[in-house]
Amino acid sequence: MNIADYKGVWVFAEQRDGKLQKVALELIGKGKELADKLGTEVTALLLGSEADDIAKELAAYGADKVIYADSPLLKHYTTDGYAKVICDLVQARKPEAILVGATYIGRDLGPRVSARLSTGLTADCTGLDIDPETKHLQMTRPAFGGNLMATIECAANRPQMSTVRPGVFEKLQKDASRKGEIEKISADIKASDIRVKVDEVVKIAKDIMDIGEAQFIVSGGRGIGSKEGFAPLKELADLLGGTVAGSRAAVENGWVDKACQVGQTGQTVKPIVYIACGISGAIQHLAGMQDSDYIIAINKDEGAAIMKAADLAIVGDYKKVIPEMVAEIKALNN
Amino acid sequence: MKIIVCMKQVPDTNEVKIDPVKGTLIREGVPSIINPDDKNALEEALRIKEKFEDVNVTVLSMGPPQAENALREALAMGADEAIILSDRQFGGSDTWGTSLIIASAINKIGNYDIVLCGRQAIDGDTAQVGPEIAEHLGLPQITYVSELQIKGNEIVAKRAMEDGYYVIKTKMPVVLTAIKELNEPRYPSIKGIYNAFKERVITLWNINDIEIDKNRIGLKGSPTNVKKSFTPELKFKGEIITGTVEEASRKLAVKIKEKQVG
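Which chain is which? The protein sequence lines are A and B, in order.
Using the numbering used here, the first residue of the first sequence is number 1, and each one after it goes up by one.
Using the numbering used here, the first residue of the second sequence is number 1, and each one after it goes up by one.
Hints in this document: simulated from the structure, not taken from any laboratory.
Nothing false has been slipped in among the hints.
If you want the footprint, here are the derived chain A segments under chain B, 3+ residues with CB under 8 Å: (1) 105 to 119; (2) 151 to 161; (3) 195 to 204; (4) 293 to 300; (5) 306 to 312.
The calculated lysine-lysine pairs, modelled on PhoX-like cross-linking and capped at a C-alpha distance of 25 Å, are: (6) B/K180 / A/K197; (7) A/K330 / B/K259; (8) A/K190 / B/K171; (9) A/K270 / A/K308; (10) B/K151 / A/K197; (11) B/K255 / A/K234; (12) B/K49 / B/K169; (13) A/K32 / A/K19; (14) A/K94 / B/K220; (15) A/K22 / A/K203; (16) A/K197 / B/K171; (17) A/K234 / B/K257; (18) A/K135 / B/K228; (19) A/K75 / A/K190; (20) A/K308 / B/K257; (21) A/K300 / B/K257; (22) B/K171 / A/K75; (23) A/K22 / A/K32; (24) A/K37 / B/K227; (25) A/K7 / A/K56; (26) B/K255 / A/K320; (27) A/K37 / B/K228; (28) A/K19 / A/K203.
As the structure is a computational prediction, the values presented were derived from the model and not from experiment.
In this text, a Cβ means the ideal position worked out from N, Cα and C, and glycines have one as well.
From just these sequences and the hints, can you work out the full model?
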C-alpha cells in the first residue's frame, strides 16, 4: 500500500427513511477542518434512494463534494448493501480518512468496512486532529468507561477510519450559496448482494425531547430512587422549557429512557444549564456533560465528585430543593 | 445446531477509579467479570438449547490464562464446551487482529450455525469485534439484537435503533451481537458451579493450534496503535452554596433566570 495515493477526507452521511442524521453535518464540520489542515477536500458520501435533497443539504453545510450513490436497494440500511457500495468506492477512489457517526448504524457499518479494507478503525472518537509532521490522523477516544483517554493512530494503512461520537463536534452554518459539487452515481448493487432482509422498520414514538438539542437539562441519577422521583425534575424542566435526562444508573433502573442517557455510553450534551440531581458524578457521566455552559449540582453528599465539577452546588435533598426552586422561578417570572 | 458464543473477561469498569493525585487508573482489587453483553449472548444460546433438540453451545474466549475463570462460569451456567485462546503473540492485537484470531478459531471449530457475541466490551467499548468476525468469516451479521427467533434455518431478529427497531431476517450461518434488552442472564446452579470448577476440562489453543498469518496480529500486525493515553481533564471550579434550603434555592433560581435571559 502506497499511502501517498490516498487523498481526501470522506464523511459518511447517514440518512434514515430519507431523513439526514444530524451527526453527518457535525462530521462535515470537523472533516472540513481536518481537510484544511491536509490541504484537501471534504467529501460527503450519501447512500440512499430519492435523496437528492439531502445531497444538496450536505453541500449547503460545507461538503466540498457529495458522492450520492442512488438505488432503491439502499433505501434502508443493510450491512451488506452499504458495505459493498462503500468498499467499492473506497477502493476505486482512495480517500485517506473516513469518518462515520457512532450511531447504531455507524457502529455496525464501520467495523464491517474496515475489516474488508484491512484497515484500522478507532471507535467513538471525541477528538480528531492531524499531526503536523506526519499528517496522520490523531484519533482520541475514551476507554475504560471514560476513565482513560487514548490517542490512536493508523500509520501504515489507509483509509484511516474513525467512528465519531454524535454531539461532540460542531456543524457549520447552513449556506445555500455554497457550491459543493454533487456527483450522483447509480450504485453497483444487486438484490442478491444483500443477504439480510429488512422486513419491518418500526419507529417508537417517544415523548421525549432530543436531549442533544435542549438548552436546559434537569438530570437525575441513582439518588432519585424511583421513576416517580423524577416528577419534580420534570416539573422544573417543563418550567424552563428544557428536558429531563438521566445517568446510566437511572437508565438501567428503568427510570428514564435510554435515549435520555447522558455520559460516556449515552449522549454528550452542552446545554446552557445542566442541573444534576442525585448524581454522584462518576467520570463516565462527567464526560457527557462537562462542557455545559453552567452546571448546578444538587446532592445530599457534599463530598460527591459532581459537587466539584459544578459551578454551583447545593448540599441537600432534591425533593426539598427542586419544589423550592420551582416556586422561586415562578415568583421571578411574575 | 451448533452455537459459538464469543466471550471476554473484563475488569468491572464500574469499579475502576482514578487516583485524583497521580491521575492514574486504580485497578487494584477491581474484580474481573464476564463482559455483560457477552453474558446476554450466552444466555440466549442457552435458551435456544433449551428450546430445540440437539444444540451444542461452545464458549470461546481469547485472553490470558486467568480468563479461564470466565469460561468456567459459562460452563456453570450451562455451556457444553469451552475453549480458551491464549498466546503471548496474541497480545497487543487491536480489534482487527483480535477478530482475525477469533475467526480463525471459529473456522477450526467448524460446522456452526450461529456465532453470538456481545455488542461491545465495557473495557474497550468499541463494538467492532463482532462485525469484524462476521466479515472475516464472510457471513451476514445482525448487531444490536434485542429479540431473536429461529424458524428452520432462518433467523428473525429485532435489531435495536436509537428510535425504534428493524425486523431483520436472514439465513444461518450468521453472526449476531446481543444487547442487554435481549434477556436476563441466569445464575449458575450450585451443582453447575461445582462441576465447572472441579470436573470440566477447558481446551487451550495457542497460536500453533489455529491457522493464521502471524504478521497480521499482535502489536505489530494491527493497523491501529495507541500513541499515548492519559486521564481526562476535568474542570473543577465548584462553589458550594450554604444556608437554608430556601436561601440556596433562591440563589439557584436567580442564576437560572440570568442564564435564561442570556
